[in-house]
Amino acid sequence: MYMTASRLLIEEKPVLKLRIHDYQQEDIPLLDTLGINEIEEQPAPCRFIHIHNKQDFLAIRATLLEHYPVFEEKGPRVFLEKAEPTSLNVK
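One point on numbering: in this note's numbering, the residue at position 85 of the sequence shown is 85, and numbering is uninterrupted.
Think of the hints as simulated: they come from the structure by calculation, not from any bench. C-beta: ideal position from N, C-alpha, C; glycine also. Take these hints with a grain of salt, some might be off.
[Said to hold, decoys possible] DMTMM-like cross-link-like pairs, simulated, lysine to aspartate or glutamate; straight-line CA separation at most 25 angstroms:
| id | residue 1 | residue 2 |
| --- | --- | --- |
| 1 | Lys54 | Glu12 |
| 2 | Lys13 | Glu26 |
| 3 | Lys17 | Glu72 |
| 4 | Lys54 | Asp27 |
| 5 | Lys74 | Asp56 |
| 6 | Lys82 | Glu26 |
| 7 | Lys82 | Glu11 |
| 8 | Lys82 | Glu72 |
| 9 | Lys17 | Asp56 |
| 10 | Lys54 | Glu73 |
| 11 | Lys54 | Glu40 |
| 12 | Lys54 | Glu38 |
| 13 | Lys74 | Asp22 |
| 14 | Lys17 | Glu40 |
| 15 | Lys82 | Glu38 |
| 16 | Lys13 | Asp27 |
| 17 | Lys82 | Asp27 |
| 18 | Lys82 | Glu40 |
| 19 | Lys17 | Glu73 |
| 20 | Lys13 | Glu38 |
| 21 | Lys74 | Glu40 |
| 22 | Lys82 | Glu41 |
| 23 | Lys13 | Glu73 |
| 24 | Lys74 | Asp27 |
[Stated by the list, open to error] Computed beta-carbon distance windows for the label pairs:
| id | residue 1 | residue 2 | range |
| --- | --- | --- | --- |
| 25 | Leu8 | Lys74 | 29 to 35 angstroms |
| 26 | Leu9 | Lys82 | 30 to 36 angstroms |
| 27 | Glu12 | Val70 | 29 to 35 angstroms |
| 28 | Ala62 | Val15 | 16 to 22 angstroms |
| 29 | Glu81 | Glu38 | 20 to 26 angstroms |
| 30 | Asp56 | Glu81 | 19 to 25 angstroms |
| 31 | Glu73 | Arg7 | 16 to 22 angstroms |
| 32 | Arg61 | Ile39 | 18 to 24 angstroms |
| 33 | Thr33 | Gly75 | 25 to 31 angstroms |
| 34 | Leu8 | Gln55 | 16 to 22 angstroms |
| 35 | Leu9 | Pro76 | 29 to 35 angstroms |
| 36 | Ile39 | Thr63 | 18 to 24 angstroms |
| 37 | Ala59 | Ser6 | 16 to 22 angstroms |
Using the sequences and the hints, build the whole thing.
Below, the structure written as structure tokens:
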């Protein structure tokens, strides 16, 4: 699984679009809890959320990294390690 982010302007306001790629079925409950529940089909299926402020981004990122430690960072992609099944409990 990996995540990417891009900056957008929506209604003249800056927004960060955080995408999660190559997730598995067992990842969906945590992603849903974090609000990463919108689906984008092109260019490849992924889930995303629009984040409107730095505090929300840091909170979502911190929670993701609690469950999926960083395996590798390559440019704009952050590859995450597989979570242990017992570690998917959402606080």
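- Among the hints numbered above, which are violated by the structure, and what are their numbers in rising order? 2, 7, 16, 23, 25, 35
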